[in-house]
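Asker: What follows is the residue order along each chain.
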Amino acid sequence: MAVMMLFLIVLSLVLGGTGLALFLWALRSGQYEDLDGAASRILFDDPPTK
Amino acid sequence: MLPTLAQEATPSVCAYCGLPSQPGQRFCCPGCAAAFETIQHLGLGSYYKERLLDPSARAPRPEQSDRLAFGRFITTDAQGRHTLNLAVDGLQCGACVWLIEQILSRTPGLSEGRVNMTTRRLRLVWSGPIEDATGFVDAVEALGYRLVPYDATQMAASRDRTGAALMRALAVAGFAAGNVMLISIAIWAGVFQGMGPATRDLFHWVSALIALPAIAYAGRPFFTSAIAALRQGRSNMDVPISIGVILVSSMSLVETLRSGENTYFDSAISLVFFLLIGRVLDHRARAQARASAEQLLALQQGDVTVIDSTGTSRRLAAGHVEPGWQILVGMGERVGVDGEVVTGQSSLDASLITGESLPVAAGPGSIVYAGTINLGEAITVRATRTGEATLLADCVRLIEAAEARRSRFVVLADRVARRYAPVVHICAALTFLYWWLIAGAPIEQSLLTAAAVLIITCPCALALAVPAVQVIATGRLLRAGILLKSATALERLAEVDTVVFDKTGTLTQPSFALVNATEVQAADLRVAAGLAAASRHPLARALVAASGPVVIAAGVVEVAGQGLKLATPHGEIRLGSRPFAGDPAAPPALGPEIWLHRSATLPICFRFGEQLRPDANRVVRALEALGLRVRLLSGDQPEAVARTAASLALQQWEGACTPVTKVSRIEAMKQQGSHVLMVGDGLNDGPSLAAAQISMSPATGADISQNVADVVFQGERLAPVLAVLRMARRTRMLMRQNIGLSLGYNLVMVPLAITGQVTPWLAAAAMSCSSLIVLANSFRARGGKDLAWP
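Just so you know, the sequences run in chain order A and B. Its first residue numbered 1, the first sequence is counted upward by one per residue in my numbering. Its first residue numbered 1, the second sequence is counted upward by one per residue in my numbering.
Rather than coming from a laboratory, the hints here were simulated on the basis of the structure. Given the structure is predicted, the values throughout are model-derived calculations rather than measurements. Think of the CB as a built atom: it goes at the ideal place given N, C-alpha and C, for glycine as much as any other residue. Errors might be hidden in some of the hints.
Said to hold, decoys possible - Interface residues of chain B toward chain A, partial, derived using beta-carbon atoms under 7 Å:
id, residue
1, ASN116
2, ALA171
3, ASN179
4, GLN326
Said to hold, decoys possible - Cβ pair distances, simulated, as ranges:
id, chain 1, residue 1, chain 2, residue 2, range
5, B, PRO751, A, GLY30, 44 to 54 Å
6, A, LEU24, B, GLN757, 18 to 28 Å
7, A, LEU35, B, TYR434, 15 to 25 Å
8, B, ILE185, A, LEU35, 30 to 40 Å
9, B, THR38, A, LEU11, 52 to 62 Å
10, A, VAL3, B, ARG258, 25 to 35 Å
11, B, GLN757, A, ALA39, 50 to 60 Å
So here's chain B without its partners, still in its complex pose (with noise of 0.2 Å):
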């Protein structure tokens, strides 16, 4: 029966995962029943009460995925005590992390078990068996999140020293910078109210002794960074940074020990203070980019199943797999090593390893390779080649050396510094000279005046510039799902005249999509939806895309690399492969395709297609209205290419590319001068996106060209691509006026310390003045239309 209009407009919802549920059904599936079963009887009801649905997150539908083994994630410490790190798919709001903790509270034998919300990584801590650790992880699947153990040594995010050193070093710069500015009160209203000589130099000395120290620990990262670059023979932001500090602190050093009146510890402690607040922000926008990325790679790596000579099967990593042995691919499972098929018949997808979208037909005798999809029945394969000697471990490193080529990017701070430091110690100088020998002036003086100059050129503002407006641009993207991981990545992005796209899950969406949803009745695509939503075969998650949320059809059977079948008061209802459901007569098929058999009626056939993503027009107009070239470089079929770049109107394309010659063409484009971002996914653009300077990977890509890429972006839109690039543009325009105006800052005020003409009070005031100018103009990068999807 068709539901009416009434049950349309309000659809019922399970009471559990918020996903549509069958009219008059609590629960959409038995999973969803059971959950809630599950916290009703431990008494955690206010669950309810208090989550919040994000849309944007996977529902807590409890489904059944295949499992890695834990084992070697599992690491025991002297007292025996195991710790098992894991990815945590589906954590929705601070509910999720609440429940979470409680099921497993009440698990027994668990000492520790804790969600960090920031990683979405939860950490379990046991004495008992290391068995356990199963029990553990089905507590909280039962509940509908998916787990994935991870190596924490892998993992950057988890073990960012830099960032703890720079909080420290923030904390002993804020402690002293406050404390020496309370004192510089006390100064200042001394000097109004006839404080004696002796009290002031007690105040300055008690002012070196909390400054030296500090600024000695919390400048040590501007420190460290200049020498480096010194010692390479280049300068950078940190020099000049470094040595106006040095200089200012080491001027008010011997000013204290001779009694003088003005020392400037507050400037060059608050100087760190205010420096280090950017480096911190800066690292923790960046590390925060980093954990976010590699939580979708943890969340897509793989096992293989193993079978011995005995017919048992096993879990393995794909790594320990030996030449010779038998593998089993399932429906919708990765191949983990290159090798011979056995027994079975399938169809691959070796978007992967080709950039071919149609999959590709595979039986006994076929040689199949790492990285490549099982989109059919299982079959068994020998492995011939595993670990560092497939194919996929050959482009991987084809990509290394790819990056290894690629030239140092001189960041915008570092090259105005190069020019910027020489000037100023060269007017500091001539300024000496010139009072010293010309004017005649008794050398104390002439020193005094030098280091005014100093003090006046440091480069407050000038390094606040570049990371203020980065701190914020990098933050708004990240909001809007775009990570970026290179801390250069937006400047290089400005530079961009040419973007070159990869076709297959770049320009085209990563999963496939129902192209005869015209010749079937709705009717007969929701019954196949139905059965489809049981299902995580591609296929089947592309038929109930297409079809809308629907009710999953209880009592589905899956019958392991055909389909799935349901039994009705009206006879058997079955979906699958063309052998199980389908019309043998029918003529062969062009792509993929899944069969519904009902008795009564004639097979239905569905046909799946790749389809571009849906504002894939849009975007490559209003790139091209920026003023770029773009480009389409493919390793699919010519015919295929020539179709997309004729729906998107695209003028310069190339298909049947093998990586090799996708790098040659970047290479050449860079020859002739050109700034080229390459947008790709798979592993054969892994290379590309390496060898181009600057590249964007869509966070359903493969993870090695995740790794690879500057930029990675969610969602199934291609506007991130047109929106980093206008931010970045903004950006840079931004950096420049912040550039512009503390310089211009510094040819108001060098003339007058030049000329012996500024009092203490002034360059404090111009001092701050400037760095609040650059501050403000910064908080423009957070206005703007830039993300607005066109």
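The following block holds chain A by itself, in its conformation from the complex (with noise of 0.2 Å):
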């Protein structure tokens, strides 16, 4: 039991630590500059390339 649940915060920790560096990564290679630009790119597709 105690070993389980040892087992279970030792887990949560490491997936929420997984989240944070992940966010950290995204901040630092610029993925949170541009916003506005990040919502409306979605709309476009590439046309097709000649």
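The task is to assemble the complex, starting from two chains supplied on their own in separate frames and drawing on the hints.
Answerer: Structure, rendered in structure tokens:
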């Protein structure tokens, strides 16, 4: 029981920590610098390349 | 032939830029036709389906314009890759971003061409020859966008370290708060289900291990600010926040060590988390306002044309010109140096330096100053003083001196904190002494009760009271085109009791207006505007504005420094200066003028003058109704100022003010205890903008006044002055209510804490409730009619 609980606590922390690390990476790589642009970019298809 | 009513009801618009075009024509001008052709050829036609033309933005009609030299803006890294940053004018919607990037992706040689829509900037990266930049920029400008290079290192918004650090702190705090709260749920569930003390201690230890490092990291913005304030012997809101967070954490740690029943790690870390949300939003709102203001500035800078001894010309930054060089100043261009006219006769708009609204004549031998605009023919100027030695630079130094004198303003929250913190800490100390010495309680229990007082008074709601209102109000003003550049602007605006206006460009419109519209035939005006639409001259722009949207006449030829001409089957039409198209026998002009000459008829004169902003009168009345004193200080001729004052029914006015007298008038008003808002736009207003407690400037004003002003507003109305004052008073009221609410909560809870009645669940519930009430009250800043134009 106690082992199970310890395992679950560590698991939740690892999962949360992964999320935090991913967020910090996204922040560092500039993905939060143009939120307006990102919102409208999704509406456009890439045109056929010739 | 005059257009029929039916045609006017459904005017034909250009298929590319959306501006009016000749009936039956698909495009308004060859530039639009070429842009349309380019887009079709590249198979990017879906652009038209997706785009949404924004009527407030500049229409994408390709225009010829002076271009800055890129050279000094290009940076090259070790791998030989060049980077150029450009501000984009005319961006309408996401489709424009897509179009620009698609066009650039088909331009050979470019490795990266990406538009940032939020900051409206374009970044070009390429590794070929440095001269390729011209080709990339040409490709985008041919679509009707205007690109202006800027120095990325000069732009505060592009190196926003504070913002990034706050975001990281917020992320860490959010992660820790979430996990600690999850564990708290387990602890509370355990209380009711009979959890053993060993398990509870384990949970407390896990909480401590998550919360303490997170608080140490994410709390730094508060700790550093608090330490900085304490070092200067002052107190600010961050001092009680820091003390509260540190005390709660250390008490919880002590409780954990001695296997106590309750810890408060969740309260401490979620307090940090919520306060950081406020900081991040506040920072973001102001960063956005600053970026918009910088964008406006970048679009206004200019280069000069230098002519060397061999007669060849090149474009150069004004600061790189040496005294003695000759400079060509074209029509509509800004003079970049102080100097003496060598050749050419023209009139100059010197309003930036003198505040004088009428252009002054300049001929060989006249002295001209940097910052004036050439309204007539091209002139050649020999530079006498350049760069830091110009009169312009002198004015800038005057402004800096006035800014340095500006007294430090203490924000509302800090004023409250200065009184709040000592009271709270004395309260806690007395509580401890009472329980320990008088009531005879054991020392641990006395300490716990004193700590409970500190936890209850932890200024969560109080710390949210001001920033929450500010963030909402700033965002709302930003959407209305009003940029608040200073964090304390709203609070200082709320104190204002005197509004000082400049005349030229502030009460009056920045551009000229046609004054004899009733004397000329509408048909003549339309013909003239059709020609004028092909030119960027300020008077031609005013003529087009007077006639409403017009079709550019095809085949207009610009005669440098003189005017425009158009060959028609009925003879040549000329539009321009008096010698070029006017009646030489006509009486001399009082103000700027344009002549329309057609072979068959007498030349027609269009005269221009200043015009009040459309809502100036209503705004002045509304300001007086708010109980504010309104004054007019202008550098213009007393007669012209008197006319404006009379038309606005202003009693207090003064003409012929130099920048120095303006500053002394404002200093005098401040000495009498007035809180002065200065609204001005010119360079000559710069020092007085800096001298007043708070200042506003229209976005069309000189770049220097925009730099100094705390608030920059866009649009041709004066209403933002009124709107921002109303909004400021409303936010002050809401801030005071919020502070009242959070202090009221303390008045109820502190006696309970002192008497030792506060249980942990009561503390948690009360603290969250007070914060939520304060937040809910702050959202009232969204409503209200403060921004409704009169």
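Asker: Determine for every hint whether it applies to the structure shown.
Answerer: Tested hints:
With 7 Å as the threshold, the beta carbon of ASN116 (chain B) comes within range of chain A, its nearest partner Cβ sitting at about 4 Å, so the hint holds. The criterion of a C-beta within 7 Å of any C-beta in chain A is met by ALA171 (chain B), whose closest approach is roughly 5 Å, and the hint holds. Nearest Cβ of chain A to the Cβ of ASN179 (chain B): about 5 Å, under the 7 Å cut. The hint holds. Below 7 Å, beta-carbon pairs count as interface contacts, and GLN326 (chain B) has none with chain A, the closest being about 44 Å; its hint is therefore violated.
One distance hint, 44 to 54 Å for the beta-carbon pair PRO751 (chain B) and GLY30 (chain A), holds here, with the actual separation near 52 Å. At about 43 Å, the beta-carbon gap between LEU24 (chain A) and GLN757 (chain B) misses the expected band of 18 to 28 Å. A hinted range of 15 to 25 Å is violated for the C-beta pair LEU35 (chain A) and TYR434 (chain B), which are about 54 Å apart. Against the hinted window of 30 to 40 Å, the Cβ-Cβ separation of ILE185 (chain B) and LEU35 (chain A) comes to about 33 Å, which satisfies the hint.
At roughly 57 Å, the beta-carbon separation of THR38 (chain B) and LEU11 (chain A) lies within the given 52 to 62 Å, and the hint holds. Remark: the range hint 25 to 35 Å for VAL3 (chain A) to ARG258 (chain B) is upheld by a beta-carbon distance near 27 Å. For GLN757 (chain B) paired with ALA39 (chain A), a C-beta distance near 51 Å keeps the hint of 50 to 60 Å intact.
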